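Participant: Chains as they are written, first to last, in the numbering used here: chain A, 13 to 307; chain B, 116 to 484.
Just so you know, these hints were derived from the structure itself, not from any lab. It should be emphasised that the depicted structure is a prediction, and the values quoted were computed from it without experimental measurement. Take these hints with a grain of salt, some might be off.
If you want the footprint, here are the derived chain B segments under chain A, 3+ residues with CB under 8 angstroms [unchecked claim]:
1) 121 to 127
2) 151 to 162
3) 321 to 330
So these bits of chain B aren't anywhere near chain A, every CB distance computed over 12 angstroms [what the hints assert, rightly or not]:
4) A183
5) A185
6) R206
7) T212
8) F274
9) T431
Now the in silico label distances, taken between C-beta atoms and shown as ranges [what the hints assert, rightly or not]:
10) P233(B) with E269(A): 50 to 60 angstroms
11) A468(B) with P165(A): 37 to 47 angstroms
12) P165(A) with Q156(B): 18 to 28 angstroms
13) R142(A) with A238(B): 17 to 27 angstroms
14) A111(A) with A468(B): 45 to 55 angstroms
15) I257(B) with Y41(A): 55 to 65 angstroms
16) A252(B) with P109(A): 47 to 57 angstroms
17) R299(A) with P259(B): 54 to 64 angstroms
18) R399(B) with K19(A): 25 to 35 angstroms
19) P230(B) with L94(A): 35 to 45 angstroms
20) P165(A) with I257(B): 34 to 44 angstroms
21) L161(B) with A197(A): 15 to 25 angstroms
Glycine is no exception: its CB is placed at the ideal position from the N, C-alpha and C atoms.
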Amino acid sequence: MSAGERKRLLTGLAFISPWLVGFGVFTIYPIVASLYYSFCDYDVLSRPIWVGWLNYQDMLTDDVYWKSLNNTLIFGAISLPLGLCFSLALAVLLNRPVAGRGLFRAIYYLPSLVPAVAAGAVWLWILNTRNGLLNQALLWLGVDRPPQWLDDPNWTKPGLALVAIWGCGNTVVILLAALQGVPRALLEAAIIDGASAWRRLWHVVIPAISPVIYFNFIVGVIGALQTFATVFVMFTNGGPDRSAEFYAVYLYENAFEFRQMGYACAMAWVLFLLTLGLTWLASRSTRGFVHYSGE
Amino acid sequence: MRPLPKLLTYLALCAGAAVFLLPLLWMLSTALKPAEQTTVQPPLWLPRRYYVVENDTRREVKLGGTIANASVWATPAGATAPIVLPQSDVRDGVWTTSNGRQVNVDTHAVIPASPDDPWREVADAATGRRTLVRDAAIQSRIAPRWENFGQAMRAMGDFWRYFGNTVVLCVLNVIGMVLSSSLVAYGFSRLEWRGRESLFLVLLGTMMIPFAVTMVPLYSMFRALGWIGTLRPLWVTAFFASAFNVFLLRQFFRTIPRELSEAARIDGCSEFRIFWQIILPLCRPALVVVGLFTFLGTWNDFLGPLIYLTDQRDFTLALGLKSMQQKSALTDWHYLMAASTLIILPIIALFIAAQRSFVQGIATTGGKS
Numbered sequence: 013m014s015a016g017e018r019k020r021l022l023t024g025l026a027f028i029s030p031w032l033v034g035f036g037v038f039t040i041y042p043i044v045a046s047l048y049y050s051f052c053d054y055d056v057l058s059r060p061i062w063v064g065w066l067n068y069q070d071m072l073t074d075d076v077y078w079k080s081l082n083n084t085l086i087f088g089a090i091s092l093p094l095g096l097c098f099s100l101a102l103a104v105l106l107n108r109p110v111a112g113r114g115l116f117r118a119i120y121y122l123p124s125l126v127p128a129v130a131a132g133a134v135w136l137w138i139l140n141t142r143n144g145l146l147n148q149a150l151l152w153l154g155v156d157r158p159p160q161w162l163d164d165p166n167w168t169k170p171g172l173a174l175v176a177i178w179g180c181g182n183t184v185v186i187l188l189a190a191l192q193g194v195p196r197a198l199l200e201a202a203i204i205d206g207a208s209a210w211r212r213l214w215h216v217v218i219p220a221i222s223p224v225i226y227f228n229f230i231v232g233v234i235g236a237l238q239t240f241a242t243v244f245v246m247f248t249n250g251g252p253d254r255s256a257e258f259y260a261v262y263l264y265e266n267a268f269e270f271r272q273m274g275y276a277c278a279m280a281w282v283l284f285l286l287t288l289g290l291t292w293l294a295s296r297s298t299r300g301f302v303h304y305s306g307e
Numbered sequence: 116m117r118p119l120p121k122l123l124t125y126l127a128l129c130a131g132a133a134v135f136l137l138p139l140l141w142m143l144s145t146a147l148k149p150a151e152q153t154t155v156q157p158p159l160w161l162p163r164r165y166y167v168v169e170n171d172t173r174r175e176v177k178l179g180g181t182i183a184n185a186s187v188w189a190t191p192a193g194a195t196a197p198i199v200l201p202q203s204d205v206r207d208g209v210w211t212t213s214n215g216r217q218v219n220v221d222t223h224a225v226i227p228a229s230p231d232d233p234w235r236e237v238a239d240a241a242t243g244r245r246t247l248v249r250d251a252a253i254q255s256r257i258a259p260r261w262e263n264f265g266q267a268m269r270a271m272g273d274f275w276r277y278f279g280n281t282v283v284l285c286v287l288n289v290i291g292m293v294l295s296s297s298l299v300a301y302g303f304s305r306l307e308w309r310g311r312e313s314l315f316l317v318l319l320g321t322m323m324i325p326f327a328v329t330m331v332p333l334y335s336m337f338r339a340l341g342w343i344g345t346l347r348p349l350w351v352t353a354f355f356a357s358a359f360n361v362f363l364l365r366q367f368f369r370t371i372p373r374e375l376s377e378a379a380r381i382d383g384c385s386e387f388r389i390f391w392q393i394i395l396p397l398c399r400p401a402l403v404v405v406g407l408f409t410f411l412g413t414w415n416d417f418l419g420p421l422i423y424l425t426d427q428r429d430f431t432l433a434l435g436l437k438s439m440q441q442k443s444a445l446t447d448w449h450y451l452m453a454a455s456t457l458i459i460l461p462i463i464a465l466f467i468a469a470q471r472s473f474v475q476g477i478a479t480t481g482g483k484s
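From just these sequences and the hints, can you work out the full model?
Facilitator: Written as structure tokens, this is what we have:
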């Protein structure tokens, strides 16, 4: 390595040193330690005791664990596709030449800024079975017995999905930016070919923004698997029949309420692998639909 | 656009906007009501005060149930307060209950109510004394209860202390994150060195790691340092950059022409001075975006404070709201909504003031990945 090259390397490392130090102390060390703890009996107060695969074996027979995994996946399967379709529809509407676009965009974006604790409190009130705004509206619309969103095990996850979809403004803004980046030439060519608005949307616009849709889907999967604050605020002890016991909530309970830190670490590692697995699966299964245009 | 699709677009956009806004408006509406108006059916959007005018004096009352049929206002034997009974169930001072039991009652008044001329039970706002009046005799005006906010702040505990803690954390996080992330982003974009691209991939890879994986070791590390129960775990890490913000700033730094740095280098400018005096001032919009997102993330953070803070005196607003919600009674919705409003309001103000930066920031992060 020449002297100049070496100097450049040292300058570069000096600039990124905050991240290098943080990466070592707050990422690499915790990852290694967490993997180690996952094979230990650990309560933070005393030294970890090696127990081998015991934590992972316990997971297999822990009914609450499976329930929490199941709940989280069901929640994701409801909220993610619905939220994405809803966001895409709103973004397509916002992309049309209408007055007041900025205002509409601001309104859609606003709920995604609301702190999870406050969102949880507000939705507890809206989903209230007797006096909640939603059920009052459903009664007014003629629904005889509106769902008990917070008390019926079958309705807690759809209720939480509503809260999640309410916060989809982030996605709307990202998709809108992508729509505005669709090359005009493509659209004009489609118009000259006589394609209807619907076909232009389906065969030109959506393929053109498919990488962005895919990106949001992946981010959504990762986010859904880690759903914590809203659920934690809205339900105690996992809600009715543990129907709102989510993965991240159960993990938190194990770590900080039952002081089973080793078990919590094992859960975290399974979550990590699950995230990677689902992302890989998503990238495999969408290969035919996502179009990357060469730059 | 032709008129019909245009109209439909507008209708859809307005319907969407209503759905997104209603929860927040309902929160505000509830926050400004007295307790008894929060559960009125059908829902009441604007908080009101009700008055009864009798003998030229006006007194404020709270509304009770309506009476739509002829009734009597009577005290059953053994009871202390009068109740409203259907007139058909009471004959000669004897009330026949729905299951056929007969109870002596002391009748005070006969109420000639009908569906066209309903009456209502009201309670005096000052004394609580219950009386029956004609609906038509009740006047009302719109009157928000601003004092609910003060009550909610007291119900939360030491509101201003939580507010102070939250602001301190926000300021420290914003300073730390903007400084460290811009330094790191500079090293990853405007300097050429061996191994840069591979290290940058590692940095991007760290975004995939769920917080849950590092949560327990971080906790035990901060515990060993004696930091549990202090604010330190909630801001120190911000001084070590975050992958997301480095990525965002790098995208921006790369758009600045190389020639600018080259010219400064030829003039003998040190690399740090180029960063500090030339590049950073040009990147203000991007720094604002990073600052905004960091502020928001800190203001909204719940899991961090939940894990690391043990003493009420160190609580942030988010944690204060959660503990208030746990303690509050089922009828305290107006206070809970007032406290929620207080937490959301600064965020909304910030958003209105810096809307452009927000939208640009999100569009860059999502669009170019």
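Participant: Against each hint, give a clear statement of whether it holds in the structure.
Facilitator: Taking the hints in turn, this is what the structure says about them:
{"no.": "1", "hint": "121 to 127", "in the structure": "holds (count 4)"}
{"no.": "2", "hint": "151 to 162", "in the structure": "holds (count 5)"}
{"no.": "3", "hint": "321 to 330", "in the structure": "holds (count 9)"}
{"no.": "4", "hint": "A183", "in the structure": "holds, 19 angstroms"}
{"no.": "5", "hint": "A185", "in the structure": "holds, 28 angstroms"}
{"no.": "6", "hint": "R206", "in the structure": "holds, 35 angstroms"}
{"no.": "7", "hint": "T212", "in the structure": "holds, 26 angstroms"}
{"no.": "8", "hint": "F274", "in the structure": "holds, 14 angstroms"}
{"no.": "9", "hint": "T431", "in the structure": "violated, 10 angstroms"}
{"no.": "10", "hint": "P233(B) with E269(A): 50 to 60 angstroms", "in the structure": "holds, 52 angstroms"}
{"no.": "11", "hint": "A468(B) with P165(A): 37 to 47 angstroms", "in the structure": "holds, 43 angstroms"}
{"no.": "12", "hint": "P165(A) with Q156(B): 18 to 28 angstroms", "in the structure": "holds, 26 angstroms"}
{"no.": "13", "hint": "R142(A) with A238(B): 17 to 27 angstroms", "in the structure": "holds, 21 angstroms"}
{"no.": "14", "hint": "A111(A) with A468(B): 45 to 55 angstroms", "in the structure": "violated, 23 angstroms"}
{"no.": "15", "hint": "I257(B) with Y41(A): 55 to 65 angstroms", "in the structure": "holds, 59 angstroms"}
{"no.": "16", "hint": "A252(B) with P109(A): 47 to 57 angstroms", "in the structure": "holds, 55 angstroms"}
{"no.": "17", "hint": "R299(A) with P259(B): 54 to 64 angstroms", "in the structure": "holds, 56 angstroms"}
{"no.": "18", "hint": "R399(B) with K19(A): 25 to 35 angstroms", "in the structure": "holds, 30 angstroms"}
{"no.": "19", "hint": "P230(B) with L94(A): 35 to 45 angstroms", "in the structure": "holds, 44 angstroms"}
{"no.": "20", "hint": "P165(A) with I257(B): 34 to 44 angstroms", "in the structure": "holds, 41 angstroms"}
{"no.": "21", "hint": "L161(B) with A197(A): 15 to 25 angstroms", "in the structure": "violated, 52 angstroms"}
Hints 9, 14 and 21 from the list above are not met by this structure, while the remaining hints are.
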